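**Student:** Could you slot chain B onto chain A? The hints should help.
Quick mapping for you: the protein sequence lines, in order, are chains A and B. Just so it is clear: in the first sequence, position 113 is 112 by numbering that gives the first Met the number 0, and no numbers are missing. Just so it is clear: in the second sequence, position 34 is 33 by numbering that gives the first Met the number 0, and no numbers are missing.
Hints are computed from structural coordinates only; laboratory data are not their basis. Computed from a prediction, not measured in an experiment: that's the story for all the values here. Check each hint, because a few of them may be wrong.
[To be verified] Each computed DSSO-like pair below joins lysine-lysine, with the alpha-carbon atoms no more than 30 Å apart:
(1) A:K78 / B:K60
(2) B:K60 / A:K389
(3) B:K63 / A:K361
(4) A:K78 / B:K63
(5) A:K62 / B:K10
(6) B:K60 / A:K13
(7) B:K63 / A:K22
(8) A:K278 / A:K135
(9) B:K60 / A:K77
(10) A:K278 / B:K10
(11) A:K77 / B:K63
(12) A:K58 / B:K63
(13) A:K13 / A:K58
(14) B:K10 / A:K58
(15) A:K77 / B:K65
[Said to hold, decoys possible] So the derived list for chain A, only partly shown, Cβ under 8 Å to chain B, looks like this:
(16) M0
(17) V5
(18) P6
(19) W38
(20) Y48
(21) P112
(22) I113
(23) I114
(24) E118
(25) A143
(26) R366
(27) Y370
(28) L378
For every residue, glycine included, the Cβ atom is placed at its ideal position computed from N, Cα and C.
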Amino acid sequence: MGIPSVPLVTKAFKDLALLNAAKRGMPHERICFTPHPVWGKTAEEVRAYVDGPDPVSGKPLMKEVVDGLTVPLSDDEKKSGSVSVSIGPDTFTDTADNLQEFYLNNGYTDFLPIIIPTEEKVEAMMKATSHKPDEKVGEMAAGAYPRWSYNARQVAVNAVMAGCKPEYFPIILAIASSGVASLFSSTNSFAFAMIINGPIRDKLEFNYGIGALGPFAQPNATIGRAWTILSKNLGNGGIPGDTYLGSLGNNLNYNNVVIAEHEDASPWPPFHVQRGFKKAENVVSLFRGLGVVPGQVARGSSANENVQFDYQMSDLFSTFTGFFGALIIADPLVAARLKEQGYDTKEKLFAWLHKNTTQTVKDYKSRNYAYLFDYPRALRGDEPWASWYKMPDDAVIPHFPHVSDFNIVVAGGQTNAYPQAGNLSYGVSVSIDKWA
Amino acid sequence: MASRLDSLDGKTVYLVDTGFHGSDVLLHQIEAWFHQNRSSVTVVFRRKAGPYMEDDPALWKEIKAKGNAAIMAVGH
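The following block holds chain A by itself, in its conformation from the complex (with noise of 0.2 Å):
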């Protein structure tokens, strides 16, 4: 802003405030501490946080604010610059255990043992793509952080790492040329999920019956891992405390949720059709949000020969945060049942979700995210959400803003007509073939 400024955070945020201040070229930046957390105290417990010490100085929080913004900046917080990262050499030597060790304890793994990925083999990935090694290929940030660059080469290693086979290559190139890294800086322990199309699935020998979702099958498991080590080792992510805040984690950033489309089972066309390629294209599309629960629960049991799984869908939303989208992932049977309903068109059934999942506005704006996210929105005056805030506490209003927040995939065995779904957002879908 080119005035003085002191920002005040809260002490559990101490060291990534500290991390990132020195990464941005200010590692002297006047930084004050209070109490943790803020959230949730009442007028006179934060008042004590203001007339008592920061937590981190020890000395009057008041004062630490004052001469944060009176006491001259010492010749140290005069200077200027930016921050240049190293990668490291381009190749080093060691033997296959040791070298295991050194991407072990240097955090370039998700904590299982990896690939290691020799020369020999990176360039056998780099055979499988048309682009050439020190081709960019995107850029990445888990958050609101400097992005990172990256070549294909770089790709390659962490595919390697993964245990992808050459021939899945193509869509790793496609998903780190998205930008989107699988790991995420926010509290919130975000989950990732792809949905793979077109006859690369049979090509590869994706899974998309029994167990779809499960660990049945190499490039399910493996170019899913991918996704998450590139998004360490190429995007800054999953560093705890640093560019990883999720208070709990999230047991599916292990592998994301990955989707091929069982589409000679679905009743309508593929997901990526309907985002506009055709039906021979390859392609992966991209989802983030919270995670994936189980559609057993809700009112309409399969056992149910009228099963209404349109009404079960409703209730499983209402649970979820408006702030994400909807993804059902469906088995043929359900598929094939929410025909039976009359939803010959995912759009109809999108319609259906969005008129009727539902929520009073008191409901909603006592719920975390609204506060968070929409409240300010509306303040902007951004819609729905600044009608919604204007609205008396008993109206009723969707529980999505948009139609286009549902999305459907057909996935699994059809051994039971049992849904999942994910409190997903589509987010983008990236041609495959452009990268073989």
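**Tutor:** Frame of chain A; chain B shown alone:
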């Protein structure tokens, strides 16, 4: 870092709410502290527009034009 002020006396300090839970409560208590302990300081409270991860260049412009210093809270 920008040069510091000689004193806050007679100056305008903006208190910027980032939108995290409780930031407003904290900043209003800081506002009260200034009224009680440094009454010569003019305090202006503003909530940053949009969710916490979005920039608000209009507010930064206003602060630079009308303010002498800023306190931002809270980093969660």
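**Student:** Where does the structure disagree with the numbered hints, that is, which hint numbers, in rising order?
**Tutor:** 3, 10, 21, 22, 23, 24 and 26
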